[in-house]
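If you're matching them up, the sequences are chains A and B in order. The first sequence begins at 534 in my numbering and counts up by one. The second sequence begins at 35 in my numbering and counts up by one.
Bear in mind the hints are in silico, worked out from the structure with no lab data behind them. Any given hint could turn out to be false.
What the hints assert, rightly or not - DEER-style ranges, computed between Cβ atoms:
#1 B:GLY324 x A:SER664: 49 to 59 Å
#2 B:LEU43 x A:GLU657: 14 to 24 Å
#3 B:ALA371 x A:GLY729: 47 to 57 Å
#4 A:ARG659 x B:GLY332: 30 to 40 Å
#5 A:SER664 x B:ALA320: 48 to 58 Å
#6 B:LEU399 x A:SER613: 39 to 49 Å
#7 B:LEU415 x A:GLU554: 33 to 43 Å
#8 A:GLU742 x B:ARG343: 20 to 30 Å
What the hints assert, rightly or not - Listed below are the simulated DSS-like cross-link pairs for lysine-lysine, each with C-alpha atoms no more than 30 Å apart in a straight line:
#9 A:LYS726 x A:LYS676
#10 B:LYS167 x B:LYS191
#11 A:LYS676 x B:LYS47
#12 A:LYS654 x B:LYS47
#13 A:LYS660 x B:LYS47
#14 A:LYS676 x A:LYS660
#15 B:LYS191 x B:LYS102
#16 B:LYS280 x B:LYS167
#17 B:LYS279 x B:LYS191
Stated by the list, open to error - Pulled from the structure, derived: some chain A residues nowhere near chain B, Cβ distances all over 10 Å:
#18 SER548
#19 MET675
#20 ARG746
All residues carry an ideal CB built from backbone N, CA and C; glycine is no exception.
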Amino acid sequence: MTHSEAAMLRMQNISKIYRTELIETYALRELSLEVKEGEFVAVSGPSGSGKTTFLNIAGLLETFDTGTYELDGRDVSRLSDDARSRIRNEKIGFIFQSFNLIPDLDIFDNVDVPLRYRRMKAAERRKRIESSLELVGLAARMKHLPSQLSGGQQQRVAIARAIAGDPALILADEPTGNLDSLMARQIMDLLEKINGMGTTVVLVTHDAELARRAERNIHIVDGVVLDSPSQAHSPQPRAESAAD
Amino acid sequence: MILNIRPVLSAIKRNPTGALLVGLQVSITLAVLVNAAWIVHQRVVKIEQPTGINTRDTFTIAVSGSAKQFNAGAAETEDLAYLRSLPGVAAATVADGVPLTGNGGDTTVWLQPGHRGRFVPSAEISMDIEGIKTLDVPLIAGRNFRPDEIVPYVPGKIAPSASEAIVTQALAHALFPHGNALGKTIYGAVPKTIIGIARNFMGPQLGSPVYNTIIYPRLPGQGNYYMLLVRTQPGRRDAILRAAKKHIAASHRYGVIVYTQTFATANSLMDSSNRNVAILLTLVTALMLGVCCLGIFGLTTFNVGSRTRQIGTHRALGARRRDVVTHFLLENAIILAGGALLGAILALVIGEWLTTHYALPRLNLAYLLVGIVALAVVGELAAWQPARRAARIPPSVATRTV
Numbered sequence: 534m535t536h537s538e539a540a541m542l543r544m545q546n547i548s549k550i551y552r553t554e555l556i557e558t559y560a561l562r563e564l565s566l567e568v569k570e571g572e573f574v575a576v577s578g579p580s581g582s583g584k585t586t587f588l589n590i591a592g593l594l595e596t597f598d599t600g601t602y603e604l605d606g607r608d609v610s611r612l613s614d615d616a617r618s619r620i621r622n623e624k625i626g627f628i629f630q631s632f633n634l635i636p637d638l639d640i641f642d643n644v645d646v647p648l649r650y651r652r653m654k655a656a657e658r659r660k661r662i663e664s665s666l667e668l669v670g671l672a673a674r675m676k677h678l679p680s681q682l683s684g685g686q687q688q689r690v691a692i693a694r695a696i697a698g699d700p701a702l703i704l705a706d707e708p709t710g711n712l713d714s715l716m717a718r719q720i721m722d723l724l725e726k727i728n729g730m731g732t733t734v735v736l737v738t739h740d741a742e743l744a745r746r747a748e749r750n751i752h753i754v755d756g757v758v759l760d761s762p763s764q765a766h767s768p769q770p771r772a773e774s775a776a777d
Numbered sequence: 035m036i037l038n039i040r041p042v043l044s045a046i047k048r049n050p051t052g053a054l055l056v057g058l059q060v061s062i063t064l065a066v067l068v069n070a071a072w073i074v075h076q077r078v079v080k081i082e083q084p085t086g087i088n089t090r091d092t093f094t095i096a097v098s099g100s101a102k103q104f105n106a107g108a109a110e111t112e113d114l115a116y117l118r119s120l121p122g123v124a125a126a127t128v129a130d131g132v133p134l135t136g137n138g139g140d141t142t143v144w145l146q147p148g149h150r151g152r153f154v155p156s157a158e159i160s161m162d163i164e165g166i167k168t169l170d171v172p173l174i175a176g177r178n179f180r181p182d183e184i185v186p187y188v189p190g191k192i193a194p195s196a197s198e199a200i201v202t203q204a205l206a207h208a209l210f211p212h213g214n215a216l217g218k219t220i221y222g223a224v225p226k227t228i229i230g231i232a233r234n235f236m237g238p239q240l241g242s243p244v245y246n247t248i249i250y251p252r253l254p255g256q257g258n259y260y261m262l263l264v265r266t267q268p269g270r271r272d273a274i275l276r277a278a279k280k281h282i283a284a285s286h287r288y289g290v291i292v293y294t295q296t297f298a299t300a301n302s303l304m305d306s307s308n309r310n311v312a313i314l315l316t317l318v319t320a321l322m323l324g325v326c327c328l329g330i331f332g333l334t335t336f337n338v339g340s341r342t343r344q345i346g347t348h349r350a351l352g353a354r355r356r357d358v359v360t361h362f363l364l365e366n367a368i369i370l371a372g373g374a375l376l377g378a379i380l381a382l383v384i385g386e387w388l389t390t391h392y393a394l395p396r397l398n399l400a401y402l403l404v405g406i407v408a409l410a411v412v413g414e415l416a417a418w419q420p421a422r423r424a425a426r427i428p429p430s431v432a433t434r435t436v
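Take these sequences, add in the hints, and give me the full structure.
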């Protein structure tokens, strides 16, 4: 799809170091990259390359040690925990590998979770929940519990939950990792459909075939970007860098 | 985590066992807490309230003898004559109970014959004509018993009930709250006329409302057992007690002194008994409250531990730390509310049972309300620490696959 030149996500020289008493491990090392508004980007790399750390930082799930991060034109590098929660809720839709649905809640209430945190009125929430479940083809299953659905259906519920709040950015962490190939294709179709409606999608995966379905691939190895338009800003990988 | 009660209820419904057990624990704790606090209050009141009798100069001597050979009627008459003749004795009486000691009877005073209508629990004591004077209790209305009204003890026969009674102010008010009790008829085994109203004093039964006492004009002796109550002039008590013990011990061939006790000692024992009951009940209740808090703490800790991924997911989806704390406190509050509802009913049932069977004043509802609030506060405090720990779970937990 066509997208604007405005950056949805801009990271500059981001480093993330995990420290123990004995060692320091660089998960990301001066990583710089940019994702334009409306882009569908796949972030791939081998296990331990720093993909999940990147996703955690991009999703404001974790802080970082150095560098700057702008999300949708706002510097979110140093925000309070409450402010980060609010931005996560309003700007970002998460799709997790293990679906992360709340087993105690039915499908309707699961999709409702982020909307309640936004303190939306009940009628508006209902409208959004029904519309997003309609989009993923599960409008008839609203009163089902997650345990009554297949893996693919559960992931579609998670996608409905991610898009119900109309986020600017979807972050998908190995969304097909727990699904068979048919289900995986359906999920990718849905992500493409959502991207087609203007939402920026960042897909983190180690599956090269899935990554190829994105408009652009960013390859992370040992905590640095290898082949992105912004890779010129990134240093070369170092052997001692590590882990997600 | 969601600012709404419905999802919290869903979580409880999905795993109800722990919540039910803790709710039950809360209800039992509340019922015990409220009634124990009410009993402790009664005991403390008893410690603080004046006895209403002269405890400084009064003592008792209890005498008993062999059923076949001991003539209690003759012995008590002889002992009374001796005691009243002693210089320094202000008054002496014979009685079937001793105030402040628990040694004596209790009864139910009815307002209608045939054990119908309203009734009031009361301590009872039978004494002779000098009873009121011995206890140093003034009459505030009516008169004392006349000698011809005293029902004598006849060996081998059950003494008939008296037809007159003197009641304390408290009992008079409890029986006739809107009128004068003097001259009114009350009912027990036989009808009795209230001929006098005495200033409040503590009777022999400590379980009854503290100042509810009724006095009958009757000489004891049933079971060949009687108590002599003696009030001396100030400063003469111990000397007269020694002399009286010596004389009475020597004067009855088949009777013995079972015990002697000053009213000062009895008062002190009563106070320490009340204090011990109050302390014991407070400790037991505190222990129950502590165990209940442990239950709440344990359940919340378990819930936090078993929902780590869920909490991380909620955080990732926009929950603030205080939303997480609120969720667990709300979940705990619902369990507490359920427990409190059942506990309130249980507390009232137990309170009513104590009133009926142990003449405890009816449970003050303020105690129930304070108990509910106290348990709610303590219960929420017990859940506070694990709830805070839950709030510290980072949102990045949501992306962990192991």
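Consistency of the hints with the structure:
1. Between GLY324 of chain B and SER664 of chain A the Cβ separation comes to about 52 Å, which falls inside the hinted range of 49 to 59 Å.
2. Between LEU43 of chain B and GLU657 of chain A the beta carbon distance is about 23 Å. The supplied range of 14 to 24 Å therefore holds.
3. Checking the proposed 47 to 57 Å range against ALA371 of chain B and GLY729 of chain A shows it holds: the Cβ atoms sit about 49 Å from each other.
4. For the pair ARG659 of chain A and GLY332 of chain B, the supplied restraint of 30 to 40 Å holds, since their beta-carbon distance comes to about 38 Å.
5. A beta carbon spacing of about 56 Å between SER664 of chain A and ALA320 of chain B agrees with the range 48 to 58 Å that was offered as a hint.
6. Separation of LEU399 of chain B from SER613 of chain A is about 46 Å and conforms to the stated range, judged on CB atoms against 39 to 49 Å.
7. Checked against the hint of 33 to 43 Å, the pair LEU415 of chain B and GLU554 of chain A passes, with Cβ atoms roughly 35 Å apart.
8. The beta-carbon spacing between GLU742 of chain A and ARG343 of chain B, approximately 28 Å, falls within the hinted interval of 20 to 30 Å.
9. Restraint check for LYS726 of chain A and LYS676 of chain A: the C-alpha separation of about 25 Å stays at or below 30 Å, so the hint holds.
10. In summary, the hint linking LYS167 of chain B to LYS191 of chain B is supported, as the alpha carbons are separated by about 28 Å, within the 30 Å threshold.
11. Of the supplied pair hints, the one linking LYS676 of chain A and LYS47 of chain B holds, its CA atoms being roughly 15 Å apart against a limit of 30 Å.
12. Proposed proximity of LYS654 of chain A and LYS47 of chain B is supported: the alpha carbons are some 25 Å apart, at most 30 Å.
13. A C-alpha spacing of about 27 Å is found between LYS660 of chain A and LYS47 of chain B, which places the hinted pair at or below 30 Å, so the restraint holds.
14. Our distance criterion of 30 Å between C-alpha atoms is met by LYS676 of chain A and LYS660 of chain A, whose separation comes to about 16 Å.
15. Between LYS191 of chain B and LYS102 of chain B the alpha-carbon distance is near 13 Å, which keeps this suggested pair within the 30 Å criterion.
16. A threshold of 30 Å between alpha carbons decides the hint, and for LYS280 of chain B with LYS167 of chain B the separation of about 24 Å falls inside it, so the pair holds.
17. Between LYS279 of chain B and LYS191 of chain B the alpha-carbon distance is near 28 Å, which keeps this suggested pair within the 30 Å criterion.
18. Remark: the non-interface label on SER548 of chain A is consistent with the geometry, its nearest Cβ contact in chain B lying 17 Å away (cut-off 10 Å).
19. No Cβ of chain B approaches the Cβ of MET675 of chain A within 10 Å, the least distance being about 14 Å, so the stated non-interface status holds.
20. Consistency note on ARG746 of chain A: stated as away from chain B, and its beta-carbon is indeed over 10 Å from all of that chain's, at 21 Å minimum.
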